[in-house]
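Protein chains: 2
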Amino acid sequence: MTSPQHIVINDVGPRDGLQNQPKVLSIEERSSLINALIDAQLPAIEVGAIVSPKAVPAMAGSTELLSTLPANASHYSMLIPNQKGYELGRDAGAPVMSLVIATSNTMNEKNIRRTTDDIMQQSMNILAQAKAENQCVQAYLATAWACPFEGQMSLDSLLSLGAQLLEAGANKLIIADTIGAASPDQVAVFMNKLVTEWGSEKLACHFHDTRAMGLANVYAAIEQGVREFDASIAGLGGCPFAPGASGNVATEDVTLLVEQMGFRTGIDLEKLISAADLAITLTGTAQGGRSKRWLEKNLASVATN
Amino acid sequence: MTSPQHIVINDVGPRDGLQNQPKVLSIEERSSLINALIDAQLPAIEVGAIVSPKAVPAMAGSTELLSTLPANASHYSMLIPNQKGYELGRDAGAPVMSLVIATSNTMNEKNIRRTTDDIMQQSMNILAQAKAENQCVQAYLATAWACPFEGQMSLDSLLSLGAQLLEAGANKLIIADTIGAASPDQVAVFMNKLVTEWGSEKLACHFHDTRAMGLANVYAAIEQGVREFDASIAGLGGCPFAPGASGNVATEDVTLLVEQMGFRTGIDLEKLISAADLAITLTGTAQGGRSKRWLEKNLASVATN
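Line order of the protein sequences matches chains Y and E.
Sequential numbering of the first sequence, starting at 1, is according to UniProt numbering.
Sequential numbering of the second sequence, starting at 1, is according to UniProt numbering.
So that you can see chain Y by itself, here it is in the shape it has in the complex (with noise of 0.2 Å):
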């Protein structure tokens, strides 16, 4: 008898999501969410961005709402956009951060006005300090299949940033679908050869549903060995450079999807539902993963755990 196979869920419903909710949550209500998805057993969640407050309200506030959070009660993740932001969150004790380079140059350009190059060198100086401060920090390879600017990505580019990110002491890669553009075959091609590079345990993905093809994506690259992936509670979420684009794959729907498949995610379906509606009733805007009702209805059927 083989155990189960383990698929990690990182929940990026507190950050990704709320970040392109039109409503600004309090650090409380953002405090309740998190703390609703730790009572859910999620085994990773994106908890805040350590950013201008002026930039991004939504955000405002991080570091002192981590310090409200029951230590190690998850894998909490905090997204970093600099060096100061590294700095920030090391103080604030942040167990994981996240660095940000689009594939893309144009993106890099028109969202954080740095061309590749920049990001790029600032991300190694980065990851350098964090080797010498054994801090954990992980990178998102963001717009990898395709850009609202440059239209759709070649492989090479991923592969040459992924290789120097990982060379320089980055924890893993996020393979990001940033404006939900891919489609399962192209998944399928690009986690290939990744995987077939850097091995799953490096990697991870992040898909939105802006074309629907979300959990089509998920699947194909579980079907190449990705074992990790974002997804967001209730489906919340979108990118405020893409107008339209839906939110994130919902947590919800990944972790029937994985489960239903025989994997194991550890998650508390009853108590991911609590925290979707939680999500639903804050943001007020949230529909819930598509798979929700059905969940309702269902859940002693369902194996978890």
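Read the hints as simulated data drawn from the structure, not as lab findings.
Keep in mind that a hint or two might mislead.
Any copy, or any two copies together, can satisfy a pair, since identical chains are not distinguished.
Said to hold, decoys possible - Restricting the straight-line Cα-Cα distance to at most 27 Å, the calculated cross-link-like pairs of lysine-lysine (DSSO-like) are:
#, residue 1, residue 2
1, Lys202, Lys54
2, Lys84, Lys110
3, Lys131, Lys202
4, Lys131, Lys297
5, Lys297, Lys23
6, Lys297, Lys110
7, Lys84, Lys271
8, Lys172, Lys84
9, Lys84, Lys202
10, Lys110, Lys54
11, Lys271, Lys23
12, Lys110, Lys23
13, Lys172, Lys202
With chain Y fixed as given, assemble chain E onto it according to the hints.
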């Protein structure tokens, strides 16, 4: 240079979709929806069902409806529950008639109060008559992966029933996840076997999005060589025997998926969006496919035809 492969999409909105809507449409309204699908160049459309108007008011007058449609503008099919239905369909000039056999005996008994043996015997008789009369009859194998009463189904009954139906002259088998219960790994296992056994030209798949896996299941079936799918304009539908079940996979979502994968459908996406808008207006309940909003803004960037 190889020419792109083709995928056939059969819109079942006017039958499987409307049959499960709370609002009963008039024949004129149903005809207007079908004509919008014809305008969008849907290659196949399930236009109605020849059933008792008492039992299924939404499908009343389906042969009359057929007579209002332009001849040969699409591959029209009609669902028939028995020999009387076959004869009415034949006399009305239905180009294709569809039998439905659940692979689950309990489902057959609950749904139509007959055993699988009974319904198979009836189906064999109809297929024999259709062969003698040169009529095109295909067969749905319903609850192929799972039944609400019996749970997960085995591949054996599917193989046995399917072989008998093909042997008796069924033009095609449509493997239907009637209650939207299958996950893509399960779809891959079954369709791999069936395509190997009977060839993809004898097969189509029919998926519902109840557990949010509809598009992932379409992708999994494509990977196994399936090249024909049912879908429902604007995601109309559901299953009356499974409250809370979502509708069929939306035609606009399936079309976008397969076109982006490099297949050709022949469908005019702009007119497809108009047909979805009409379905939403007529029913008052349909939501539209999840990709619809993105598609509306990005029609120009999607290469079709």
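Going down the list of hints, with the structure as the test:
Taking the closest pair of Cα atoms, Lys202 and Lys54 never come within 27 Å of each other, the shortest separation being 34 Å inside a single copy and 60 Å across copies. In the homo-oligomer, the alpha carbons of Lys84 and Lys110 lie at most 27 Å apart inside one protomer (21 Å), although the nearest pairing across protomers, at 66 Å, exceeds that limit. Taking identical chains as interchangeable, the C-alpha atoms of Lys131 and Lys202 lie at most 27 Å apart only when both belong to the same chain, with a minimum of 16 Å there against 59 Å between chains. Within a single copy, Lys131 and Lys297 get their C-alpha atoms no closer than 48 Å, and across copies no closer than 45 Å, so neither meets the 27 Å cut-off.
With identical chains, the CA atoms of Lys297 and Lys23 are at most 27 Å apart between copies only, with a shortest distance of 25 Å across copies and 30 Å within one. Taking CA atoms no more than 27 Å apart as the test, Lys297 paired with Lys110 passes between copies only; the shortest distance there is 21 Å, against 45 Å inside one copy. When the C-alpha separation of Lys84 and Lys271 is checked against a cutoff of 27 Å, the pair qualifies neither within a copy, at 36 Å, nor between copies, at 51 Å. With identical chains, the CA atoms of Lys172 and Lys84 are at most 27 Å apart within one copy only, with a shortest distance of 21 Å there and 64 Å across copies.
In the homo-oligomer, the alpha carbons of Lys84 and Lys202 lie at most 27 Å apart inside one protomer (26 Å), although the nearest pairing across protomers, at 62 Å, exceeds that limit. Taking the shortest alpha-carbon separations for Lys110 and Lys54, only the intra-copy value of 18 Å comes in at or below 27 Å, while the best inter-copy value is 61 Å. Taking identical chains as interchangeable, the C-alpha atoms of Lys271 and Lys23 lie at most 27 Å apart only when both belong to the same chain, with a minimum of 24 Å there against 35 Å between chains. Taking identical chains as interchangeable, the C-alpha atoms of Lys110 and Lys23 lie at most 27 Å apart only when both belong to the same chain, with a minimum of 24 Å there against 48 Å between chains.
For the identical chains of this complex, Lys172 and Lys202 are intra-copy neighbours only, at 5 Å inside a copy versus 45 Å across copies, given an alpha-carbon limit of 27 Å.
Checked against the numbered hints listed earlier, the structure breaks hints 1, 4 and 7; every other hint is satisfied.
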